[in-house]
Amino acid sequence: MAAMKAPTDSTIDHQIYAPVMDVLEDERANIYLTGRAGTGKTTLLKEFVKRNRETTAVLAPTGIAAVNAGGQTIHSFFRLPPRLIEPSDVKRLRHARAMRAIETLVIDEVSMVRADMMAAMDLSLRLNRGVDAPFGGVQMVLVGDPYQLPPVIEQGLQGYLEETHGGSYFFSPPAFREGDFRLIELTEVFRQSDPVFLDILAGVRGGEMDQNQAEILAAQVSALDPVTASQTHVVLTGTNNAAFDINHRRLDALPGAAQAYEAKVTGEFDPRLFPTEAPLVLKPGARVIMLKNDPGKRWVNGSLASVTKVSADSLHIEINGDEHEVEPASWERIKYGYDGTKKQLTKDVVGIFKQYPLRLAWALTIHKSQGQTLDKIYVDLRRGLFAHGQAYVALSRCRTLEGLQLSRALGQRDMNMDRRALAVGRLSDVRAFAGCRMAVLETH
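Counted the way my numbering counts, the sequence shown spans residues 631 to 1074.
Zero decoy hints are in this set.
Pairs of lysine-lysine, DSSO-like flavour, derived with a Cα cap of 27 Å: (1) 977 to 676; (2) 939 to 913; (3) 939 to 922; (4) 973 to 676; (5) 676 to 965; (6) 1006 to 913; (7) 676 to 927; (8) 922 to 977; (9) 984 to 965; (10) 922 to 965; (11) 894 to 998; (12) 998 to 939; (13) 680 to 922; (14) 984 to 676; (15) 680 to 998; (16) 965 to 894; (17) 977 to 894; (18) 939 to 984; (19) 894 to 913.
Derived DEER-like restraints, expressed as beta-carbon distance ranges: (20) 825 to 1014: 28 to 36 Å; (21) 890 to 762: 54 to 62 Å; (22) 719 to 786: 16 to 24 Å; (23) 882 to 718: 50 to 58 Å.
I should point out that these hints are in silico values taken from the structure, not numbers from a laboratory. C-beta atoms are modelled at their ideal positions from N, C-alpha and C, and glycine is treated no differently.
Turn these sequences into a full structure, and let the hints steer you where they fit.
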């Protein structure tokens, strides 16, 4: 069972996004780039960064997101503490020259950025660049979908953030309002094409399914338990423990001896950020998901495969009837710096994780399925969905309604939605293009 390709450079018509690139590169506007799952936000972001690599830095709110985006965490770059950030935490930094070399700062998964972090970025850029303008005069490109990933707001913090920043979300602080951001929403979905399924996903995304949508989705409920369902479907579950249990029960049930592959880790690479298990334990017959695009284009990130041969120094998989030998791949942790001789921004590799680019895939957590496109999924709702947007993330991984199974009907309690996460501001001067719409954000 192979996964459908997620949107990539080869499947997205770049002409659709030419107006977006014009705004980003020619007008140098501050941008909030959003869109539904499967609209190609990541592909567009990577294309922009590739074209502007010498003047652009990419940051993300979590280590995993930073590794995936090829950038650095916000906390690390700005030297911010892992707690509520106060104005007194913002300091003059030793790498201020790197900050002054940045022309564009991309913040990936911006929906997870809390108001205090956004305010601190503004203060630090003003201080270290010596420019008293929003974000120190840097072009800000904020990328994310508020319907999917929210910031972590500890109990009792909401009131403080409301009082000091006007709210909890990235768009709450005065710096965002002063930045005159434009909204660019990507509207063409590449992952799904069935209008009925797209309407259902829109209802789940907004937490407002109508009765007809609920009845159609309820018809996808399966009597199978998750372990049995994992024979034909990828099980998506809310917890790491549930996914680990399913994967290792299926692995233990396979005949033959297991082979453990140790990872090679050098430099600074926190084990919590490892993209796959270390050691990675496999047997012939194990179902796995590929975690990187193959340079030879034999598979893409998200392709499902079956392990065929294991040994101490080699690993073979089968995809669509063809057997391939897999080579270990590397993930890098980077820090931005400054080359005084060339007078330009640099990306310094501070840690490397090297392992076979795959993981067991009878089950995945909903969080780790982010960005994947799968043909057949079973959504395990036994423990409920505890986070804002999880139901939408899970269902939107599937390419078709027919490929989707649920352990039970989706209820209103499963569609957690914090409406404050969506209140980015009023839109004016809305212009529609093929594949996107653009608007001015009125936040004053």
